[in-house]
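Each chain is listed here by its residues.
2 protein chains.
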Amino acid sequence: MNLGTKMGKQTIVYDDSVYIKSFYSSVGKLEGEGPLGKCFDVVYKDEYIEAKNWEQAENNLLKNTVTGAFAKAELSCDDMDYVFSGDLLNQCTGSSFALKDMCIPYYGLYGACSTMAESMSLGSIMVDAGYGQNVLAVTSSHFCSSEKQYRFPLEYGGIRTPSAQWTVTGSGAVILSPDKSHICLDSITTGKMVDLGVTDNANMGAAMAPAAADCILAHLRDLELKPADYDCIVTGDLGIVGSTLVNEIIQKQGSDISDVHMDCGSMIFDPNTQDTASGGSGCGCSASVFCGHFCRELIQGNIKKMLLVCTGALMSPTTYQLGETVVGIAHAVGLSYRE
Amino acid sequence: MNLGTKMGKQTIVYDDSVYIKSFYSSVGKLEGEGPLGKCFDVVYKDEYIEAKNWEQAENNLLKNTVTGAFAKAELSCDDMDYVFSGDLLNQCTGSSFALKDMCIPYYGLYGACSTMAESMSLGSIMVDAGYGQNVLAVTSSHFCSSEKQYRFPLEYGGIRTPSAQWTVTGSGAVILSPDKSHICLDSITTGKMVDLGVTDNANMGAAMAPAAADCILAHLRDLELKPADYDCIVTGDLGIVGSTLVNEIIQKQGSDISDVHMDCGSMIFDPNTQDTASGGSGCGCSASVFCGHFCRELIQGNIKKMLLVCTGALMSPTTYQLGETVVGIAHAVGLSYRE
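Protein chains in written order, with this note's numbering: chain A, 1 to 339; chain B, 1 to 339.
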């Protein structure tokens, strides 16, 4: 038993105690046609995913992703000690209805689009403390269930502003374990909420960028690291607008991540050909890009050390209608390649 | 460092590593007029709680409860290592807007009305693993914000069925710490989702009772305990209908908790004079009754050993309209008096 060490105010560093045993990703048609299309385990041919409505489609998306992660590790529901999951649907029913029949001790989360890092963070503590041999961390989002809930009926064909983002139809799942593998989960940095007063819900990137910067700077400060100590610092879904902002904010604080910064939301679509405005968003964006692209790069040793910083906008249509701000949050997970 | 022990599939037993340093409860007017009215730290004179709308009222309720818990322990935001919180509002904005300016590393949860036990469970793991000296666990619900979101406009004056429950306007907060106090957090049992096919969203007690029974039986089995080993086994908000059911289900499994069973939802209102049908519900029900009534009984040694089993119904108005079932979950926390 090698327990980790709390470093600074927000970061825990593990002592080789948590690894990724299995990872799996699933996406919709548009994501499959994007620049990362070839790296996902499953690309669905349409948004229905064998269901009669968008909510059930998202349930199937998440459930099938979990089943895929089980199959890759040759494990089943019974082998899981805990599952941590959440999503964007009201009352997180994407997760609960997808996972309800699997009979795994369940912790429901709400971290908006930061959920993949939140679930991996809390899951890693269970593994580190010796309470879980196999802990599942998973999340999803679905373009159609999100549009219906947050914006307009699909049939309305609403026009987007250039700063708006496109909710990814996607899901990613990892199984965390103390069993050694090629991907080690080294550290977690728990984010604080940051509210700089953004009220435009069509500019989530601006709302989330300050929280992403705060979390990245906290991580570097707590561990006394420089940006160049990472091959890449990967934000979740800041999109093109938010990615510019996070770099500016960090530069104003005297640091510079621009040489190593990447953003899942800016990577998953081609803005020139796919009409996705500022890029991808949703819990499933960083989840599918992490499990689809970055886990493969890590396992092959193409990336030796990365920081995943999933970003969330904590708001609802109700708070928006009441004129409230959009509150940002970001959680970070440090990962490295092991031979 | 005395790390706990995983017992059976779902339970962790701590080795004197987690205590409740501070607890605080706040409720609305109706709850203050109920049988437990005198035990809450604050009873608000109306449902507005110094706000202009019900969502802000719930934010103030949760924020003031946290501030109260800080004051009792002579601590501030800066002393908190983590906060775990969630609520019933879409996208959990009750928690995020209440806590956003406190700058505490934040994990958002969605466990429906099981949130108090979920937040205490995850918070206790942080304390047990040595990653938190002061960890805040808190939740809230508000009758008016819930009615507006889940049911009808208040002005409509909808009539309730006898099995329906009344969402408690209330909040409860605890600060968990390794520092010894009179209330020790001994164990946690993480619940599995249970879906027996209940589709009546005016009978949450029936939907949650099977999950409560499953969690209680898992706890007793994992720790090889009998119901009589506890002074009381306290369910969260099964209400009058669900309380009958949980006892029946457990009896069918060859056990009997009826001598020690209590239910926060059945205790908080007087059904004969308060017109609250089957009793109280909402995250704030078990949170306020635990922090208001049971923590006082524990600290005085009137209760020596109790099991708190917070119960949640995982559904949304959307899943109800789609004809989906209401999925139940329950998480349990074992507590004892220490001299």
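These are calculated hints, taken from the structure and not from any lab test.
Note that this is a predicted model, so its numbers are computed, not measured.
There could be a bad hint or two in this list.
Stated by the list, open to error - Stretch-level coverage of chain B by chain A, calculated; a stretch enters the list once three of its residues show a Cβ under 8 angstroms from a Cβ in chain A: (1) 8-17; (2) 25-37; (3) 83-96; (4) 219-232.
To be verified - Below, computed lysine-lysine pairings styled on DSSO-like, alpha-carbon distance capped at 27 angstroms: (5) B/K148 to B/K6; (6) A/K6 to B/K180; (7) A/K52 to A/K148; (8) B/K6 to A/K6; (9) B/K148 to A/K148.
For glycine and all other residues, C-beta sits at the position ideal for the given N, C-alpha and C.
- Item | In rising order, the numbers of the hints this structure does not comply with | 2, 4, 5
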